[in-house]
Amino acid sequence: MSRLKNIALLGNPNSGKSTLFNLLTGLHQKISNFPGVTVEKKSGTLTVEGGEQVQITDLPGTYSLFPNSLEEKLVVDILTNRDHPNFPDLIIYVADITQIERHLLLAVQIQQLGIPMFFVSNMVDLISSTHDVKALSDYLKVPVITSSTIKNTGLDYIVQEIFQFTREENISRRYVHTKTCPLSEIEKKVVQQISDITGVQNPYLAKLMAHHAAWLNVCKSHKEKIISITTKLGFQNMDSQVKEVMNCYDDFLPVTQAIQKEKEETKTRISTIDRIVTHRVIGPFLFFTIMLFVFQAIYAWATIPMDLIEGGFTLVSTWFSQQLPEHFLSDLFVDGILAGLSGVLIFIPQIAILFILISLLEESGYMSRAVYMFDTIMRKFGMNGRSIVSLVSSGACAIPAIMSTRTIQNQKERLITILVSPLISCSARLPVYAILVGFVVPDIKVWGFLNAAGLVFMGLYLLGILGALGSAFVFSRILKTSESSYLMLELPQYKNPNWKNVWLTTKEKVMSFVREAGKIILIISMVLWVLSSFGPGENIAKAEEKATLLAVSQNLNEEETGNLINQHQLEASYAGIMGKWIEPAIRPLGFDWKMGIALITSFAAREVFVGTMATIYSIGQDNETDTLREKMKKEKKKDGITPMYNTATALSLLIFYVFAMQCMSTLAVTKKETGSWKWPIIQFTFMGLMAYLGSLMAYSILA
Amino acid sequence: MSAKEAKVKDTHTALNLKLGEKAVICEIQKNHLSSRFMSLGILPGKVCTIVNEAPFGGAKILQFENHKIALRLEELAAIYVQKIIK
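Read top to bottom, the protein sequences are chains A and B. When the letters of the first sequence are read in order and numbered with the working numbering, they come out as residues 1 to 703. When the letters of the second sequence are read in order and numbered with the working numbering, they come out as residues 1 to 86.
These are calculated hints, taken from the structure and not from any lab test. Mixed in with the good hints there might be a few duds.
[What the hints assert, rightly or not] A short, non-exhaustive set of chain A residues, derived as facing chain B with CB atoms under 10 angstroms:
1) T62
2) N86
3) M246
4) Y249
5) T278
6) V281
7) P284
8) M373
9) E490
10) P492
11) N496
12) L504
13) T506
[Unchecked claim] Straight-line distance between alpha carbons at most 30 angstroms, and here's what the computed DSBU-like set of lysine-lysine pairs gives:
14) K495(A) to K46(B)
15) K243(A) to K83(B)
16) K41(A) to K633(A)
17) K46(B) to K134(A)
18) K189(A) to K83(B)
19) K519(A) to K41(A)
20) K42(A) to K671(A)
21) K495(A) to K22(B)
22) K30(B) to K188(A)
23) K22(B) to K225(A)
24) K189(A) to K134(A)
25) K519(A) to K672(A)
26) K638(A) to K18(B)
27) K46(B) to K232(A)
28) K223(A) to K30(B)
29) K507(A) to K30(A)
30) K480(A) to K30(B)
[Claimed, not checked] Selected chain A positions facing chain B (Cβ under 8 angstroms, derived; list incomplete):
31) V133
32) V242
33) Y372
34) T376
35) E483
36) K495
37) M526
38) V527
39) L531
Source: prediction; values computed, not measured. All residues carry an ideal CB built from backbone N, CA and C; glycine is no exception.
Using the sequences provided together with the hints, build the complete structure.
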């Protein structure tokens, strides 16, 4: 079978390009990375009339072929190299018609390169009268299609044009109109000499090589020669870029003037909205109100579907454990696979809700205002205005939060946000805090009305926030980047969101989580099940025997016997052995081997701590919290007198849970988002170190 | 950079524009970001205004025609302007 025709969507950021991509490919999308770089590659397929399939790639938003970011450099790398696997057979150039002057620049550069292209003039609904497309098509001399990705119009014509392309015999006649770039004498010489050594025919391609030889993916001998040519002939890189852009603007000025008319009313409306939205006082207030709403949605509303998923799984696994014969494979299925599956699906409501809200914020144009307002503050911590949304979301769950960092363009800022997000206390830490906080402070009121436990809670949350900001600050100093940091952010016009696009984005996020992170979560969950169900040799069987005898001698009823067996089996398992094995390491923190076991098993998810402690203290799984607290209160240290859970131990354990990376799902998502195991390992290590040192300090001071 | 040039830079960049003051862009400082300025449409000859200052400082919104661009202070300092006196 011959290779699918490769069509690329190209355009400035905010041109509606990605929405168009979603509408064209629907759910036939694949998200991967471009080879060799950590830039996200979105591609999908479209089947046109007659059944031919074409591949559509959404190239990163680009302002011009003079790049300022990693993503833009990648686009230049692809478009200047006909042998690049992603070099397009056709470019669909998407431009926002209301910003036509700026969006024409890149289109003209593409034409200078002589790549086949047709032009989509988007957002036609935002201008009051039908604009003069003729001026545009006269200028570009390639097909121009008007569309509105907000109102879903023009899509048919675009698909029709793609169909036309697949059948077209003379592609250059319809889609190529090579514009020439005016060159100075020096530039002409440079271009000529570069053509001579590289064999490049297109003068503009040779000029781009002169501009970008330093980083462009060309063979080494050419690279050196090009650089020596440019220095020898005194080629002024920046001057030449500026001059070219100015020439371009001059050249198409008559065209854009013919189009740009009557926009006064939208202009004043937007200014009024912006005056409120970015107001000194109202702006931040409005932002935090919106964030409160986002937080509330993923913290509280998501629990309804989450409880349903959990309840459903409990029903299913109970049914299976009654139906299936008693065999370790049945246990593997119920406690390993089903539990792991439930551990994956449980995150879907939070991910879906957060992404519906975030795409609404992005699409409406509000997000760029927020980024602008908080740029100064977040910059100090090496992050981006968008990071605030992720950090707030982490208060509910780090998983959707980390996934939401995709829109942060600067790779370093994005990485820092991913690394520190899990330090913000999430909802899974709550059950652990709840059970331990009573050991830190007595149930008293401070100043007559403030609950002491509540204050400790607040302190723990605060500690998480400080930990996140502090480590972000450190990472911003350590991590190196070749990208320059700048804001220069375009504030797009306010738009009504395209609901179909919101739906597609959300669905894509959920599916990719299940597909990519789901695998890892399932595997780790099975490993943890093996660790806590099996032991070396006859350990488990012996433990059961011993527990049964003990139960008989103590005259226990059936339920109590079961609990006692579970306790002894867990102690005899690999997890139990590991808990004992790490005891010397955690003793300085005030922990014993029982807590060691809980630390290991709660790697699955922090709230598992409570369940494991219940098993260790031989309590059934029903109304465990109160009984567990009583049992823990009675627990004594080795001397048999001093209580195990005093203020020092409990606080030390709490601090450990504030900082430690006790969540395999978060690590799986970090792996998915960064594309390598390096970062989840670093994340696990630095958070573990913070936890250990934090607990050590707290325990040494208090004990 | 000579003392004279430094003085020109100080007094005549977009950084010195007050809220609502109109100015014409004369020149963009040449550095690695100048092409980004240009592709955002910030070009010599354009009439621009500062329409907003960020709540926590550090950045302002520059408006020209119907475009709004958020710029950091050091980015504003790279835009040489001439004030329009009414």
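Looking back at the hints listed earlier, which ones does the structure fail to meet? Those not satisfied are hints 2, 11, 12, 13, 16, 18, 23, 24, 26, 27, 31, 35, 36, 37, 38, 39.
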